[in-house]
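Please put together the full structure from these sequences, using the hints given.
These protein sequences, in sequence, are chains A and B.
This note's numbering puts the first residue of the first sequence at 1, with every later residue one more than the last.
This note's numbering puts the first residue of the second sequence at 1, with every later residue one more than the last.
In case anyone wonders, no lab produced these hints; they're calculated from the structure.
The beta-carbon is built from N, C-alpha and C at its ideal position, and this holds for glycine as well.
Heads up, a few of these hints could be off.
With a straight-line cut-off of 30 Å between C-alpha atoms, the simulated DSBU-like cross-links for lysine-lysine are [as the list claims (entries may be wrong)]:
(1) K378(B) - K434(B)
(2) K378(B) - K285(B)
(3) K642(B) - K491(B)
(4) K491(B) - K120(A)
(5) K84(A) - K259(B)
(6) K84(A) - K642(B)
(7) K495(B) - K120(A)
The following label-pair restraints were derived from C-beta to C-beta distances [said to hold, decoys possible]:
(8) K120(A) - T683(B): 35 to 45 Å
(9) K120(A) - I288(B): 38 to 48 Å
(10) A96(A) - M322(B): 29 to 39 Å
(11) P347(B) - K120(A): 54 to 64 Å
(12) P540(B) - G100(A): 46 to 56 Å
(13) R324(B) - A96(A): 35 to 45 Å
(14) K120(A) - A467(B): 47 to 57 Å
(15) Q600(B) - A96(A): 57 to 67 Å
(16) K120(A) - I450(B): 49 to 59 Å
(17) K120(A) - L369(B): 45 to 55 Å
A few chain B residues that face chain A, going by a derived Cβ cut-off under 8 Å, partial list only [as the list claims (entries may be wrong)]:
(18) V294
(19) N338
(20) N395
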Amino acid sequence: MTIRYSRSPAGFRRAVVLALAVTISPLPLAAADRAPAAPAQPLRTSIAQHAAREVLVGSPKTAQRSATKTRAQQSTAQSSGFFKSPAGVACLAVIAAGTGFALYSASHDRIHSVARDAQK
Amino acid sequence: MTRRIASLTLALALAAFVRTASAQSLVGQIEGHIVDEQGAVLPGVTVVLTGKTGSQTQQTDAQGAYRFIGLNPGTYTVKPQLQGFAAKEQTATVGIGQTVDVKITMTVGNLQDYVSVTANSLSVDTTTTKTDTNISQELLFSMPITHANPAVTLLNYAPGINNSAAFGGASSAANALMLDGVDTRDPEGGTAWTFYNYNIIDEVQVGSLGQPAEFGGFTGAIINTITKSGGNRLSSLAEYRWTNDSLSSNNVSQDIIAKNSTLATPVQILSLKDYTVQLGGPLQKDKIFYFGSVQRYNVEQYNPPVRTEVSPRFNFKLTDQMTRDDNLVASIQYDQYNQTGRTGLIPGYAVADHLQTIDQDSPEYIWNLQYRRVFGSKSFFEAKYTGWWGYYDLNPVSPNPMHFDGDSSHYSGGAGYTAQYDRTRNQVNAALSKYAQGAGTHAFKFGVEIERSTIRDRFVYSGVSAAAPTGVYYYDLSGPYMAYGYSYDLKGTNKRESYYAQDQWRTGRLTANLGLRLDNVRGEAATTGEKIYSTNSFGPRLGVAYDLTGRSNSVLRAYYGQLYEAAVFSSWSRAVPGLTPTFSYEVSPNGTLTLVDSTQRSYHVANDGLKQPRVDEFNFAVEHKLSQNYKITGTGIFRDWKNFINSTLDNAVWRPVTQNNPLTNTPITLYRWANPTSVPDFTISNITQVNYKMADGTTVTSPEARRSYRGMMLVLQRSLRNHWQAQISYVLSKTEGTVNNSSSAGISSGQFETPNNILVNADGPTAFDVRHELKVFGSYQIPKADVLASLYYRFLSGTPYAANARFSGSSLGWPSAQTINLEPAGSRRNDSWNNVDARFEKLFNVEANRFGVYADISNLFNTGVVTGRQLRYPNRTLTDPVTGDSVVVAFNDPLAMNAARQLTFGFRWSF
Chain A
1 MTIRYSRSPA
11 GFRRAVVLAL
21 AVTISPLPLA
31 AADRAPAAPA
41 QPLRTSIAQH
51 AAREVLVGSP
61 KTAQRSATKT
71 RAQQSTAQSS
81 GFFKSPAGVA
91 CLAVIAAGTG
101 FALYSASHDR
111 IHSVARDAQK
Chain B
1 MTRRIASLTL
11 ALALAAFVRT
21 ASAQSLVGQI
31 EGHIVDEQGA
41 VLPGVTVVLT
51 GKTGSQTQQT
61 DAQGAYRFIG
71 LNPGTYTVKP
81 QLQGFAAKEQ
91 TATVGIGQTV
101 DVKITMTVGN
111 LQDYVSVTAN
121 SLSVDTTTTK
131 TDTNISQELL
141 FSMPITHANP
151 AVTLLNYAPG
161 INNSAAFGGA
171 SSAANALMLD
181 GVDTRDPEGG
191 TAWTFYNYNI
201 IDEVQVGSLG
211 QPAEFGGFTG
221 AIINTITKSG
231 GNRLSSLAEY
241 RWTNDSLSSN
251 NVSQDIIAKN
261 STLATPVQIL
271 SLKDYTVQLG
281 GPLQKDKIFY
291 FGSVQRYNVE
301 QYNPPVRTEV
311 SPRFNFKLTD
321 QMTRDDNLVA
331 SIQYDQYNQT
341 GRTGLIPGYA
351 VADHLQTIDQ
361 DSPEYIWNLQ
371 YRRVFGSKSF
381 FEAKYTGWWG
391 YYDLNPVSPN
401 PMHFDGDSSH
411 YSGGAGYTAQ
421 YDRTRNQVNA
431 ALSKYAQGAG
441 THAFKFGVEI
451 ERSTIRDRFV
461 YSGVSAAAPT
471 GVYYYDLSGP
481 YMAYGYSYDL
491 KGTNKRESYY
501 AQDQWRTGRL
511 TANLGLRLDN
521 VRGEAATTGE
531 KIYSTNSFGP
541 RLGVAYDLTG
551 RSNSVLRAYY
561 GQLYEAAVFS
571 SWSRAVPGLT
581 PTFSYEVSPN
591 GTLTLVDSTQ
601 RSYHVANDGL
611 KQPRVDEFNF
621 AVEHKLSQNY
631 KITGTGIFRD
641 WKNFINSTLD
651 NAVWRPVTQN
661 NPLTNTPITL
671 YRWANPTSVP
681 DFTISNITQV
691 NYKMADGTTV
701 TSPEARRSYR
711 GMMLVLQRSL
721 RNHWQAQISY
731 VLSKTEGTVN
741 NSSSAGISSG
751 QFETPNNILV
761 NADGPTAFDV
771 RHELKVFGSY
781 QIPKADVLAS
791 LYYRFLSGTP
801 YAANARFSGS
811 SLGWPSAQTI
821 NLEPAGSRRN
831 DSWNNVDARF
841 EKLFNVEANR
851 FGVYADISNL
861 FNTGVVTGRQ
871 LRYPNRTLTD
881 PVTGDSVVVA
891 FNDPLAMNAA
901 RQLTFGFRWS
911 F
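Okay, structure coming up:
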């Protein structure tokens, strides 16, 4: 026997509405690349590639144009000057903040074993 | 010349088949042939393989064949080049231990002509006898998975595995949990020890049936997790996950509360703040790469009582592609696991406040050093030094001893004890893989593993004093107010050497997977150096696979193997010195303790000639590719466990006594120890049957110690096409016997020490027997909205249970009370469980940056399922944690519930 009991507090309902609003709203697409070795492609294609594989074929000219465009975009992320760009600075800032807080937590939140300290 | 090729034609011309490279464990390979449009082989073609750490080149041989071996899992491009032909580039993804067969048909044209193809990876492996589930990073990204303990969570997502019990294996303890080749389990009992960041996973392989000789130390399943590495491309991830109690629901009905008010507060996460930041890239292009990850996992949950975990985790990996053929990887993880609110002697449902709980301090380091050398395209060598160090200390918040009032069933005082568990584990692996030809093709692998693990367990009750040197806990039960105490300090060392040889031998459409594994496992008492435990095991692994049609779309498999358990301290720890006597005190009204008894706890003795517990497995399977995107597999499974390790009480004499079965109100025959002694002789041995001597000179023989699993598994897979993919699995199975499949029942219990737990209602379905299991996973990419929706549905039959009662030690002549079944084991079933977890993720890109906002909903329909019932007949008295009142819970009434619906938000940025 499965017992079903449902009550949706107001906070949960608001959160569901917010989640749906965010997911339904379309946003401008731009070339993207998550797969480490494949060149960046339009979002729909990249989603298709990411989860499993479908056979895709394009004309060589199209592929070359696409490859040239994506290589230019890649170079933005991959050049040695990336960390001086706004995106790079933001990336470093996030990493520094996350690492710093984790280090702080490792010290501040540490539970010291009373038994082990007494054995020292 | 512009070339337009119909996708269908190209799909026929290009075939990428994925199969298992049983000669390889954590690495894979890409091999294939290059042919022209007429099908003639093309020798001398330059084949460039490019992955995240650079490129390597080979030329096809006279048969137009090429092979790249020793590849890390990941995505690669294969680009053959030959003057006079159009250049082609095919993308292929190599999973853990996989071989991707990429055959490319080159067409006449200019090298400037260019065709890019991404191959379909849904294929039938016609050479393996393994049943593995590979989960790529991309799939992990989209699955609504609990992040708390990734290895265990991912294990339970695979068909045939539930409650960490795989195909009848012991829950939690029988599964090998490998992280980059490191066995991360506790060397004491084989359960999970180290946790890690979900986001450092690159790929996961869950292996269950038909495993080759290179894998050992488990009788359930094996999960291989490969962690991320750096590459030539800079990559980064920042993710934040969050939820709190306002985003959880209540799935406890008034009916449940009326039967057990201690369940009124639903199981829920009160707060979750989990973030990860990662960065990986090259230090020197094509040569040296780094990867670093930092996580802070902070969760507060009610389960009960309220537990809080704060775990900062740091990972760093360095990869050095020293030469074209030499690869060196070094990595280290530090996890500082801090938990408050853990329970001690006072059960969770009776904890009144945090003073009655335990604080846990458990840091650990995991290290890994690996070297790989590739010799051309036919051989490679791997050597690894891996290990970890850690401890977990349990310190009571209040130093006061625990008191239990038998009249009111109230607990007071503190959590009651201090415990310290220290561990180290070091392992050296070396293996040589070689491909050869002779009466077909061979993929040989020879390897050796050397393991050394140390275990130290310390325990002492609270309230240590001169009068009570081991501390005490107080027990007030209608009579003298008593206190009891003991402590222990046990130290042991596990030593293991394993050797294996295996061959994947292909002749035409038939492949034989042959292997042999030898394990020598020893256990030594660390204080004396005495060797207490020693086993030698020979485990054959024999499998055949036959390509039914010759077109690699249908295969028949059969497999027989003997799989042995890992080296675990708990099998022989009772034979290690370090136990103090058990002290009994009378407590006077002013609290003074008066020693009334001191019983030296005897050491068990381990038999010579012990055999390592094992499972004999036979399975057969048919796998068939129904179409381009559909594949179905049916498997029949037969597993029988052998060599259970248990303990017996030699020279004991028993007398049958008739007591009343309160459930049926009829007589029940139990057994009383007729010749008790203060220094009993327990023997640790392999149990088949036990002959119990009766006081009248007769003998009563126990049922055979056994556990068996019979199952049928069907899996239907659909690869991604038209925006959706799915997998459906159904398992019909039966696990039964006289030895349960809880974590320790088959390797370290005392079930056979008295007749009462084997002669009385012991045979039947085991604790984790799930008769029907249905799992469905699906994901759909909503067009235009660019939203990924994933659902995971599970239906599980209820687990079995039986009514029991506690019979006093005095009535049975035994030092402690015994819990005995009042009806056959597994007579009843818990409720079946329907559960849906969902994830909705909106993805959007800004240049090379990818952003995702997602919502995970666990228990989408907020179903309330009773996951455990009160088994004591006629009832049991609990304490309401909110009111402090006594709550009488009748037999069969609810004792535990599943977690309520919870919504968790996440945000991530990656490039």
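Please verify that hint: N395(B), Cβ, nearest Cβ of chain A, below 8 Å or not.
Hint on N395(B): holds, closest Cβ of chain A at ~5 Å, below 8 Å.
Quick check on a hinted range of 46 to 56 Å for P540(B) and G100(A), using CB atoms only.
holds, 54 Å
Restraint status (C-alpha distance of K378(B) to K434(B) at most 30 Å)
holds, 6 Å
State, for the Cβ atoms of P347(B) and K120(A), whether the hinted interval 54 to 64 Å holds or is violated.
violated, 33 Å
Proposed proximity, K259(B) with K84(A) (alpha carbon, max 30 Å):
Violated: K84(A) and K259(B) sit about 64 Å apart, past 30 Å.
Restraint outcome when N338(B) is required to lie within 8 Å of chain A by C-beta distance:
holds, 4 Å
For the hint 35 to 45 Å, verify it against the beta carbon of K120(A) and that of T683(B).
Because 40 Å falls inside the window, the suggested range holds.
At the C-beta level, are K120(A) and L369(B) separated by a distance inside 45 to 55 Å?
For L369(B) against K120(A), whose Cβ atoms are near 30 Å apart, the range 45 to 55 Å is violated.
Regarding K120(A) and I288(B), is the given constraint of 38 to 48 Å on their beta-carbon distance met?
At 39 Å between Cβs, range holds.
Does V294(B) pass the interface check with chain A, least Cβ-Cβ distance below 8 Å?
holds, 5 Å
Is the gap between the beta carbons of A96(A) and M322(B) within 29 to 39 Å?
Hint holds: Cβ distance 31 Å, inside 29 to 39 Å.
Is it true that the C-beta distance of Q600(B) to A96(A) lies inside 57 to 67 Å, as the hint says?
With a Cβ separation near 59 Å, Q600(B) and A96(A) satisfy 57 to 67 Å, so the hint holds.
Checked against the numbered hints above, the structure breaks hints 5, 6, 11, 14, 16 and 17 and satisfies the rest.
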